[in-house]
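Engineer: Chains E and A are the protein sequences, given in the same order. Per the numbering used here, the first sequence runs over residues 104 to 195. Per the numbering used here, the second sequence runs over residues 6 to 252.
It is possible that some hints are incorrect.
[Stated by the list, open to error] Selected chain A positions facing chain E (in silico; Cβ < 10 Å): (1) Val-19; (2) Ser-66; (3) Pro-108; (4) Gly-110; (5) Gly-111; (6) Cys-218.
These aren't lab readings, by the way, just hints derived from the structure by calculation. Think of the CB as a built atom: it goes at the ideal place given N, C-alpha and C, for glycine as much as any other residue.
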Amino acid sequence: MDALDGNAIGGLLIDVFGTEMTAARSTCATCGDSRPIAELVVYRQAPGTVVRCRICGSVLMVFVRAHGAIGTDLTGLASLSRPDRPLSRRPG
Amino acid sequence: MERTAVRGRLTWQVATVTSVTRETDSVVTIELDPPDWPGHRAGQHLDVRLTADDGYTAERSYSIASAPGEPVAITVERLESGEVSPYLTRELRAGDELELRGPIGGYFVWEPADGGPLILLAGGSGVVPLRAILRHRRRSGSQVPARLLYSARTLPDVIYRGELDQGYDRAQIIYTLTRSQPPGWTGHTGRIDQALLAEAAWAAEANPLAFICGPTSFVETAAAGLVGLGYPPEQVKTERFGATAGR
Chain E
104 MDALDGNAIG GLLIDVFGTE MTAARSTCAT CGDSRPIAEL VVYRQAPGTV VRCRICGSVL
164 MVFVRAHGAI GTDLTGLASL SRPDRPLSRR PG
Chain A
6 MERTAVRGRL TWQVATVTSV TRETDSVVTI ELDPPDWPGH RAGQHLDVRL TADDGYTAER
66 SYSIASAPGE PVAITVERLE SGEVSPYLTR ELRAGDELEL RGPIGGYFVW EPADGGPLIL
126 LAGGSGVVPL RAILRHRRRS GSQVPARLLY SARTLPDVIY RGELDQGYDR AQIIYTLTRS
186 QPPGWTGHTG RIDQALLAEA AWAAEANPLA FICGPTSFVE TAAAGLVGLG YPPEQVKTER
246 FGATAGR
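Isolated chain E (complex conformation) (with noise of 0.2 Å):
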């Protein structure tokens, strides 16, 4: 099964976050790294989402769908910090 990134499931992480997530900024637990979910390594096979970190392969996010509900573990991540406003690069 070839890897996505983190652009792929930005519906799955609205269902789950209410919101648009793709753009937020993870930090892997294990090797600290800190980038946007975008970039991100996933593995999606339904019924199952695996997100990964792109560093240090640790497994940061899985999420299920069964019965009508979508099953959430986060241990992998240290955090996650989602912009007030959607990014702009630039300032102005």
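Fit chain A to the given chain E structure using the hints.
Structural biologist: Chain A alone, transformed into the frame defined by chain E:
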């Protein structure tokens, strides 16, 4: 800055297919008329869901091929082993219905206010969201310089070739053909490498913004190459898809 209306929930809806246009032997563009579309940004996605008679569903995320303000369209490459793309590229006809939700994504997007110059790097069908960016640049009257470096296997595999060859308001289009070239081809050949990136990309001093979309290996090579040329990693936005992505 133009923004998509904030909605509490991303809901599935049934869109009508208004046209299916063949781009290459294995690629079609599907124009859609969703009943409730809040508008999208250049580079965003939508999710498509197919449901079988027995209730089995398959979902895929596709880049939106059209610019903000244009009818919603996706461009789909057929993967013979895929669950979704064979149906979309072979069976779907104008007048059919298709379940989708969107728009989705806030990372791999470009707004005129983000500026440039833009360097867009496409591997195969990774050109789709970059075409939306080029169209948005043209429609918005943005004056930022733009270059597209497009790696395709052969010339007939180039998606949007007619449109690309007409240009986008002085955007430069550079092809490299990796598998075979037509007689008399004077363009680049072979996969993207450091030498080609150094030739095609804007100097880092120009503070360029890069968007790279394609298969994972293409994206990794291209992104590392630009960072090697001095691009700050946060100004190199990437989107990878694998063979199972159905994009």
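Engineer: Hints first: check each against the structure and report whether it holds.
Structural biologist: Verification of the hints:
1. At its closest, the beta carbon of Val-19 of chain A sits 16 Å from a beta carbon of chain E; the interface hint therefore is violated under the 10 Å criterion.
2. Interface hint status for Ser-66 of chain A: upheld, as the beta-carbon distance to the closest one in chain E is roughly 5 Å, under 10 Å.
3. The closest approach between the C-beta of Pro-108 of chain A and any C-beta of chain E is roughly 9 Å, which is under the 10 Å cut-off, so the hint is satisfied.
4. Below 10 Å, beta-carbon pairs count as interface contacts, and Gly-110 of chain A has one with chain E at about 4 Å; its hint therefore holds.
5. About 4 Å separates the beta-carbon of Gly-111 of chain A from the nearest beta-carbon of chain E, less than 10 Å, and the hint is met.
6. For Cys-218 of chain A, the interface hint holds, the least distance from its beta-carbon to any beta-carbon of chain E being 9 Å, beneath 10 Å.
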